[in-house]
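> Assemble chain B onto chain A, guided by the hints.
Chains as they are written, first to last, in numbering that gives the first Met the number 0: chain A, 0 to 282; chain B, 0 to 348.
Any given hint could turn out to be false.
As the list claims (entries may be wrong) - Computed list of lysine to any residue pairs in SDA-like fashion (alpha-carbon distance at most 25 angstroms, straight line):
| # | chain 1 | residue 1 | chain 2 | residue 2 |
| --- | --- | --- | --- | --- |
| 1 | B | Lys176 | A | Leu172 |
| 2 | B | Lys176 | A | Leu29 |
| 3 | A | Lys167 | B | Ala327 |
| 4 | A | Lys167 | B | Glu161 |
| 5 | B | Lys176 | A | Ala249 |
Keep in mind that the hints were calculated from the coordinates and are not lab data. These numbers were taken from a predicted model, which means no experiment stands behind them.
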Amino acid sequence: MTFLGLGDRTWLWLASACYLTGFVLGTVALLRDRRHSRLAMYAIVATGFILQTLGLYLRGHAVKGCPIGNMFEIFQFTAWSAISLYLVIGATFRLSLLGYFTSCLSAILTLVSLVTPGWDATRRINAFGNTAWVELHAALALFSYGVFALLALASGMYLLQTYSLKHKRLHGLFSFLPSILELDHISVRLLVAGVVLMTWSLGIGSIHWLQDLSSVDTPKLLTAGVWLAYLLALILRLGRKLDSQRLAWACLALFAAALLSLGPVNASRHPVPPDVPPPASKP
Amino acid sequence: MSVPTLFLLGASHQTAPLELREKLALAGDKLAALHGELQSLAGLSEFAVLNTCNRVEIYGVAAQAEAVARLQAALCALNQMDATVFEQIRIELHDRPAIQHLLEVAAGIDSQMVGETEILGQVKDAYAAAQTRGTTGPVLNRVFQKTFQAAKHVRTHTAIGEGQISVASVAVDLAVKIFGDLRRCRVLVLGAGEIGEKTARAFKSRAVGEMAVTSRRLQRAEDLARAFATRAIPFERVAEALPDFDIAVCSTAAPQAVVTRAMAASAMRRRAVRPLFLIDLAMPRNIDPGVADLPNVFLYNLDDLAKIAEENLALRQAETERVRALLAEKAEALWRQVEPRIGGNHTEG
Numbered sequence: 000m001t002f003l004g005l006g007d008r009t010w011l012w013l014a015s016a017c018y019l020t021g022f023v024l025g026t027v028a029l030l031r032d033r034r035h036s037r038l039a040m041y042a043i044v045a046t047g048f049i050l051q052t053l054g055l056y057l058r059g060h061a062v063k064g065c066p067i068g069n070m071f072e073i074f075q076f077t078a079w080s081a082i083s084l085y086l087v088i089g090a091t092f093r094l095s096l097l098g099y100f101t102s103c104l105s106a107i108l109t110l111v112s113l114v115t116p117g118w119d120a121t122r123r124i125n126a127f128g129n130t131a132w133v134e135l136h137a138a139l140a141l142f143s144y145g146v147f148a149l150l151a152l153a154s155g156m157y158l159l160q161t162y163s164l165k166h167k168r169l170h171g172l173f174s175f176l177p178s179i180l181e182l183d184h185i186s187v188r189l190l191v192a193g194v195v196l197m198t199w200s201l202g203i204g205s206i207h208w209l210q211d212l213s214s215v216d217t218p219k220l221l222t223a224g225v226w227l228a229y230l231l232a233l234i235l236r237l238g239r240k241l242d243s244q245r246l247a248w249a250c251l252a253l254f255a256a257a258l259l260s261l262g263p264v265n266a267s268r269h270p271v272p273p274d275v276p277p278p279a280s281k282p
Numbered sequence: 000m001s002v003p004t005l006f007l008l009g010a011s012h013q014t015a016p017l018e019l020r021e022k023l024a025l026a027g028d029k030l031a032a033l034h035g036e037l038q039s040l041a042g043l044s045e046f047a048v049l050n051t052c053n054r055v056e057i058y059g060v061a062a063q064a065e066a067v068a069r070l071q072a073a074l075c076a077l078n079q080m081d082a083t084v085f086e087q088i089r090i091e092l093h094d095r096p097a098i099q100h101l102l103e104v105a106a107g108i109d110s111q112m113v114g115e116t117e118i119l120g121q122v123k124d125a126y127a128a129a130q131t132r133g134t135t136g137p138v139l140n141r142v143f144q145k146t147f148q149a150a151k152h153v154r155t156h157t158a159i160g161e162g163q164i165s166v167a168s169v170a171v172d173l174a175v176k177i178f179g180d181l182r183r184c185r186v187l188v189l190g191a192g193e194i195g196e197k198t199a200r201a202f203k204s205r206a207v208g209e210m211a212v213t214s215r216r217l218q219r220a221e222d223l224a225r226a227f228a229t230r231a232i233p234f235e236r237v238a239e240a241l242p243d244f245d246i247a248v249c250s251t252a253a254p255q256a257v258v259t260r261a262m263a264a265s266a267m268r269r270r271a272v273r274p275l276f277l278i279d280l281a282m283p284r285n286i287d288p289g290v291a292d293l294p295n296v297f298l299y300n301l302d303d304l305a306k307i308a309e310e311n312l313a314l315r316q317a318e319t320e321r322v323r324a325l326l327a328e329k330a331e332a333l334w335r336q337v338e339p340r341i342g343g344n345h346t347e348g
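The following block holds chain A by itself, in its conformation from the complex:
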């Protein structure tokens, strides 16, 4: 399936180019010690989001389901989730530099997935069969990963701002960062949102797993472990047992762990149908 004669990957390349443009323009502005236009950054990222949505829609049509069937699609979907959340948060909280860092992360996730041919060599058609609940579980889990991606960005910004204020280095990139308290508040909200989404996802998944206990394998336990770690961080934070700085480090480490767990999770899913030819939509 194509749109305007262009296949899904072409639209995803265009989206990636938008994110990269946002990142490059933001970097140039920072190097010149200028504040980039938040509105311009928002518009660039929103354009990328529209193009990526179109690309993923075409891919979804081709694979007859949510496009999260291989590593390429998982990375694309995670970036898409982070961007969609940024478009809401960025407009609501007007956090300076969040758009820049989001475009940077999305450019990396989408470009890496696009330039790694092995990740999209085979596509799972109807990967979740007719089990819509499992598909919903997977989509929600990946969406929560997008939330955690944004949380990792906010945490990174928090640590940068803390470093800047502690070491009295206030110029350049540091001068444009939001306040520590704003970053802390947004991090806690993202943590709550991510944990709720992942709990929902695992709740749905567990109904399926309980019917077939043999399907509970190491990768699923890994995912549950990631969820448990985030849940623990949230409980400790709400109980004021974890200070903001430790929470920020924990969120960065947990997101790295969550990304690393994607590989085993993806590999463990239904066996890949041998030599499924790529759909005709590939340009």
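Leaving out everything else, chain B in the frame of chain A:
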């Protein structure tokens, strides 16, 4: 041949020392007297007087260059200043360079504190006063209105106004970097040192949520509290009260630390996740430097704040050339617009 001209005549801190600026200042009735004289000055069709502590500048439109000479004579006579002395400190510019100068003044790059914003308000006041007296016309109206736009443009599109350049404002800026919205912040002012008081005023002007004052002499604390329309707390209660405040400004004359590491650590245990911003403006220092090692505690002393202010000023100064180039383009465009309104044949110079 004498042609109509848009001119600037005056002196500023760039050309005149303080004693001469004092003599030239148009305080009280002198300004009104000058206005009266200029309104009847032959050949002067429009004028506006910019009179600040750092400059006396008269912008005007004259039918002939002789009118400017007559204006200079009137200014010197009014201030009882010898014409030869005035000529040593005089700034006299015509046409496009006069516009360029006004743009630079309004943008703050001709100020002593580069990038300060107060001057723009003063230029606006000067223009408003001239309008009220009916001494502006099509040329100065255009020039001043475009000047305000240009000043706003450079402030938005360059770093000329970025970073604070006074210790008190730097402290407020840092508080914003930590807490964001200061309206929910509580500030404790320890001591009644001059710089501490200035900093407290800066916080007050940013509408902090709550402020309390303490001093080793309760009477002094109560006086200060009245001045800030806030409450005084006994000095002995500082350790007990510290956890309730987000920002502490210290400027007591105490010879030893007023806020110790143990005191700050104890406060942080009670504050849980909320940061604490400690500002030490005293000499000798009032806050144990060891508190800086505590997580979520941010300590800045007088040297730190002064260094940031100096760095900000240096950054602004580095930006002036860019601003000047930007304003040169605007001056050129504006001159093209007003030249036909002045009349006569002008050559660039």
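> For each hint, tell me whether it holds in the structure or not.
Now for the hints, and whether the structure bears them out:
Our distance criterion of 25 angstroms between C-alpha atoms is met by Lys176 of chain B and Leu172 of chain A, whose separation comes to about 13 angstroms. A threshold of 25 angstroms between alpha carbons decides the hint, and for Lys176 of chain B with Leu29 of chain A the separation of about 18 angstroms falls inside it, so the pair holds. Proximity of Lys167 of chain A to Ala327 of chain B is assessed by CA-CA distance (about 36 angstroms); at most 25 angstroms being required, the pair is judged violated. Under the criterion of a C-alpha separation no larger than 25 angstroms, the hint pairing Lys167 of chain A with Glu161 of chain B is consistent with the structure, at around 17 angstroms.
Pair hint Lys176 of chain B plus Ala249 of chain A holds up; C-alpha atoms about 23 angstroms apart against a cutoff of 25 angstroms.
Consistency with the previously given hints fails for number 3 only.
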